[in-house]
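Can you make the complete structure from the sequences, with help from the hints?
The opening residue of the sequence shown carries number 221 in the working numbering; numbering runs sequentially from there.
If you are wondering where the hints come from, they were derived from the structure by calculation, not from laboratory data.
Each hint should be verified, as a subset may be incorrect.
Said to hold, decoys possible - DSS-like, lysine-lysine: derived pairs with alpha carbons at most 30 Å apart: (1) Lys281 <-> Lys268; (2) Lys322 <-> Lys243; (3) Lys353 <-> Lys339; (4) Lys281 <-> Lys353; (5) Lys339 <-> Lys322; (6) Lys261 <-> Lys228; (7) Lys281 <-> Lys228; (8) Lys281 <-> Lys339.
To be verified - Computed Cβ-Cβ distance ranges for the label pairs, DEER-style: (9) Asp326 <-> Leu263: 34 to 42 Å; (10) Leu310 <-> Arg257: 16 to 24 Å; (11) Thr288 <-> Gly336: 33 to 41 Å; (12) Lys339 <-> Leu255: 17 to 25 Å; (13) Asn276 <-> Leu330: 15 to 23 Å; (14) Gly336 <-> Tyr265: 33 to 41 Å; (15) Arg307 <-> Gln252: 29 to 37 Å; (16) Thr341 <-> Leu263: 35 to 43 Å; (17) Glu233 <-> Asp326: 36 to 44 Å; (18) Tyr265 <-> Asn344: 30 to 38 Å.
For each residue, glycine too, the CB sits at the ideal point set by N, CA and C.
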Amino acid sequence: MRIQFEIKERLPEIIHEIFTSEKWQSDVTEEQNGLRRVVIKDLMYDSKANIEIWENEIHIKTAWSNYTYRIFTQGNSVLCEYIGAYRGLLEQNLLPQLTPVKNILDTTVLDSSILGNKKETLRNYSSVNAQMKQGNPDIQSKEHTKIFHRDHHPTVVYDEFIKEGLLLPSPGVTVKE
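See below:
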């Protein structure tokens with residue numbers, strides 16, 4: 221899922237928090253040509269996030285889930301672009317404070333594995349996402365079965381691909397269905 225929303229914080233505030241937060245330890249790993257690469261580590265949970273700080277942009281990539289946050293200025297606004305799972309949006313422990321200006325559920329999902337390029341609000345996306353996970357037959361339209369075709373595996377994982385109790389083939393062995 222990819223979504224963009226305006227946030228209240230300004231880039232200098234976010235940069236300040238990256239270097240001074242009590243929630244993590246900050247280590248600058250590289251500094252050159254207007255780029256600072258920083259790793260923030262939560263020593264209690266042995267997790268980290270990689271951050272690139274540019275003059276007008278900050279990129280944050282979480283280590284465990286590889287969700288990305290791109291924080292940038294556009295005109296007088298500061299926007300956050302998030303690419304990752306719905307359940308991970310703003311839920312990371314190693315993330316500076318990012319406060320949406322408006323109700324984030326009213327934000328348009330720009331693209332996703334569920335909706336493709338169809339534009340929906342995050343509120344509708346979350347509803348479709350929940351119904352898909354519950355296997356609601358009403359939501360299994362032709363449009364969604366095209367998006368969730370079994371050939372998309374492993375990008376989209378269905379239970380039919382998970383067979384408990386079966387031995388996995390050795391690497392390089394072709395399995396016929």
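Hints, one by one, checked against the model:
Pair hint Lys281 plus Lys268 holds up; C-alpha atoms about 9 Å apart against a cutoff of 30 Å. Only pairs whose Cα atoms come within 30 Å are accepted, and Lys322 paired with Lys243 is accepted, the gap being roughly 26 Å. With a C-alpha separation of about 20 Å, the suggested pairing of Lys353 with Lys339 holds against the 30 Å cut-off. Distance hint between Lys281 and Lys353 is fulfilled; the C-alpha atoms sit about 26 Å from each other, no more than 30 Å.
For the proposed pair Lys339 and Lys322, the alpha carbon gap of about 18 Å is at most 30 Å, so the pair holds. At roughly 25 Å between alpha-carbon atoms, Lys261 and Lys228 fall within 30 Å of each other, so this suggested pair holds. For the proposed pair Lys281 and Lys228, the alpha carbon gap of about 21 Å is at most 30 Å, so the pair holds. As the CA atoms of Lys281 and Lys339 are separated by approximately 25 Å, the hinted pair is consistent with the 30 Å bound.
Between Asp326 and Leu263 the beta carbons are some 37 Å apart, a value that agrees with the proposed interval 34 to 42 Å. As the Cβ distance of Leu310 to Arg257 is approximately 23 Å, the hint placing it in 16 to 24 Å holds. Take Thr288 and Gly336: their Cβ atoms lie about 20 Å apart, and the range 33 to 41 Å is violated. Look at Lys339 against Leu255: about 33 Å separates their beta carbons, and that is not inside 17 to 25 Å.
The supplied range of 15 to 23 Å is met by Asn276 and Leu330, whose beta-carbon atoms lie about 21 Å from each other. Between Gly336 and Tyr265, the C-beta spacing of about 35 Å keeps the proposed range 33 to 41 Å intact. Under the hint 29 to 37 Å, the C-beta atoms of Arg307 and Gln252, about 36 Å apart, fit the expected range. Judged by the Cβ atoms, the range 35 to 43 Å given for Thr341 and Leu263 holds: they are separated by roughly 38 Å.
The hinted window of 36 to 44 Å between Glu233 and Asp326 is violated, with their beta carbons roughly 24 Å apart. At about 33 Å, the beta-carbon gap between Tyr265 and Asn344 stays in the expected band of 30 to 38 Å.
Checked against the numbered hints above, the structure violates hints 11, 12, 17; every other hint is satisfied.
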